[in-house]
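Chains as they are written, first to last, in my numbering: chain U, 5 to 370; chain C, 16 to 145.
The calculated lysine-lysine pairs, modelled on PhoX-like cross-linking and capped at a C-alpha distance of 20 Å, are:
| hint | chain 1 | residue 1 | chain 2 | residue 2 |
| --- | --- | --- | --- | --- |
| 1 | C | Lys140 | U | Lys23 |
| 2 | U | Lys266 | U | Lys74 |
| 3 | U | Lys142 | U | Lys74 |
| 4 | U | Lys9 | U | Lys23 |
| 5 | U | Lys23 | C | Lys143 |
| 6 | U | Lys74 | U | Lys64 |
Not close to chain C: a few residues of chain U, all C-beta gaps over 12 Å, as computed:
| hint | residue |
| --- | --- |
| 7 | Pro66 |
| 8 | Ala121 |
| 9 | Ala160 |
| 10 | Gln163 |
For the record, the hints were derived by calculation from the structure and aren't laboratory data.
Remember, predicted model here, so these are calculated numbers, not experimental data.
Note that the Cβ used here is the ideal one computed from N, Cα and C, for glycine as well.
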Amino acid sequence: MPELKKTPLYTEHVAAGAKMVEFGGWLMPVQYGGIIEEHRRVRTVAGLFDVSHMGEISVKGPDALPLVQKLIANDAARATGDRILYSPMCYPEGGVVDDLLVYPRGEGEYLLVVNAANIEKDLAWIQENASDYRVEVKDISPVTAQLALQGPRALAILQPLAGVDLAPLGYYRWTRGQVLGVDCLISRTGYTGEDGFELYFEAGQAPAMWRGILAAGQGVGLVPAGLGARDTLRLEAALPLYGHELSPTISPLEVGLGRFVKLEKGEFNGRAALAAQKEGGINRQLIGLAMVDRGIARPGYPVLVAGRESGYVTSGSYAPTLGKNIALALVAAGTAGAGAEVEVSIRGRGHRAVVVELPFYRRSRD
Amino acid sequence: MDFPANLHYSKDHEWVEVEGNRARIGITDYAQEALGDIVFVELPQVGDELAAGDSFGVVESVKSASDIYAPVGGKVVAINEALLDAPQDINADPYGKGWMIELEMSDPGEVEDLMDASAYQQMVKEEKGE
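Working from the sequences, and respecting the hints, build out all of it.
Set out below in structure tokens:
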């Protein structure tokens, strides 16, 4: 096994007493105090996540837009000005290479933010697709740090540290600006179901930025939060995770991401396969489950509808905000609507669960 | 981290408190800390017969599920039902409110195969790479 990669904040995490675990080839903090407490802080105050393991790929040149259009299922022409785009990136067969964020960075330049475990694969895929395009594709992950400040108090914590007015920045919009005197790409995005920001900046600044934001938020209850809470938060918000709800053998249409697949935009990788699926109907669909019987549905556990195996759990956990055990499952399409009772086979025994609407959790917007 | 001297310990991080031929069993402070927030426990039924080394239940933290093994054999005579609704008691009080089952031992001599507190503490040190 190759040596695990470390973010520029590795020593900060260890000093803070974080439990470090392997994730996608990286040594990352899974928790500092405890997952449940960190989860609750993000829902009620704010949490700061080191997500520097995420990959940043720059695509630059006269053909940047046509290349990005070919790569992603969403319409890259909509990523203009300060508008960020979320999209699946598909294989010609319709399965998913990765899911990513597209940041327009002015004429002929895009920043693609991809999953940590997929950086090398994505880079190779993008370069393979770019052979006939006048673009320069560059992996800038090693020189880029990324922090996510998430929670209802994120704006109040970040604003005094920022050189730009953040309140007008809408969801899925970005701006350039300084935070604690460091040039950042400031993005109103996140992976928790809460309001919040993601900051991209030069990797060498990471320790000072991490300490500075934590110190500024300490008074209101900001805590560092690890990948454990990030996972339970995204699951409650029913946000897909690559390797669970997304994979080369799962189509974005099957997991409810149809709104990010723009067949009408013209040709792109996977278009024909996805158009055929849309026309003929999908075979599988993603459903939300709330456990009725005691037990936690873990990834891979079989799901039975009317006593017959119909699919499997893709993600499942105790949901701290809801106080119950929930799961996402990929099952035969049309077999289990909201309210239906199904069974999850946990260690060989059927456990009752009820199909619920997604997302499991939606924040109140006052 | 706590290693009460009156208990016996297994290499799978269970503790055993012996009183006559009865054995009360739970997981150690080190085990609960390594697991993190415990959110689910599955226990056997009173009357079940267990051999030493049998898996008798499951503890699940937010992130993972782990089997728990019987450090000694015997018949289950009591289970801590309160844990089913309050699995976090294992984190808060692993040697007290976090107990899991009580066995009537079939062979109390099996206790001799377990570690004492200092041997277990040494094993934990090595596991942590200290």
